[in-house]
Amino acid sequence: MKYIFIFLGTITTIGITGMCGCGGSCAAKSVHTNTQQAILNPQDSIKTVTLNITGMSCAGCANHIHAELAKTGGIISDKIQYPGNIGVIQYNTSKISLKEIIAVIEKAGYKAVEMKDRRKTNTADN
1 MKYIFIFLGT ITTIGITGMC GCGGSCAAKS VHTNTQQAIL NPQDSIKTVT
51 LNITGMSCAG CANHIHAELA KTGGIISDKI QYPGNIGVIQ YNTSKISLKE
101 IIAVIEKAGY KAVEMKDRRK TNTADN
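The sequence shown begins at 1 in my numbering and counts up by one.
None of these hints come from the bench; they were simulated from the model.
One should not assume that every hint holds.
As the list claims (entries may be wrong) - No more than 20 Å apart at the CA atoms, straight line, and that leaves these computed lysine-lysine pairs for PhoX-like: (1) K111 with K71; (2) K116 with K79; (3) K95 with K47; (4) K99 with K79; (5) K116 with K47; (6) K99 with K47; (7) K95 with K71; (8) K116 with K99; (9) K111 with K99; (10) K107 with K71; (11) K107 with K95; (12) K79 with K107; (13) K79 with K47; (14) K47 with K71; (15) K79 with K111; (16) K71 with K99.
Produce the complete structure using the sequences and hints provided.
Now the structure itself:
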């Protein structure tokens, strides 16, 4: 009988904290947006990139990526979507490169790949 209560307690704890390993900080759906005030110089170039981010299993993962990007200089805004596994990041190219942004995400434990605009690809193929 004691083991049944221990088992049920364990199952309840797993159900409350979730199976994703985030400790229950996630929600069913998450979109995190960060926009920083930026003072731009005329030589600054702003670019927006859309990334396919794999390895996220919950909204806590999106929170983690958002937090890491928020600590990174040159990031103007980020929108990390889970579910959807999409990251839309606006950045100052004179302060950070796309390669460095991807490295920040990969250091956090996820995989990121730039999504190319399919309309441009299809037009070029025709």
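Hints versus structure:
| no. | hint | in the structure |
| --- | --- | --- |
| 1 | K111 with K71 | 19 Å, holds |
| 2 | K116 with K79 | 17 Å, holds |
| 3 | K95 with K47 | 11 Å, holds |
| 4 | K99 with K79 | 18 Å, holds |
| 5 | K116 with K47 | 14 Å, holds |
| 6 | K99 with K47 | 13 Å, holds |
| 7 | K95 with K71 | 13 Å, holds |
| 8 | K116 with K99 | 15 Å, holds |
| 9 | K111 with K99 | 12 Å, holds |
| 10 | K107 with K71 | 13 Å, holds |
| 11 | K107 with K95 | 19 Å, holds |
| 12 | K79 with K107 | 18 Å, holds |
| 13 | K79 with K47 | 14 Å, holds |
| 14 | K47 with K71 | 18 Å, holds |
| 15 | K79 with K111 | 16 Å, holds |
| 16 | K71 with K99 | 16 Å, holds |
Of the numbered hints given earlier, the model fails none.
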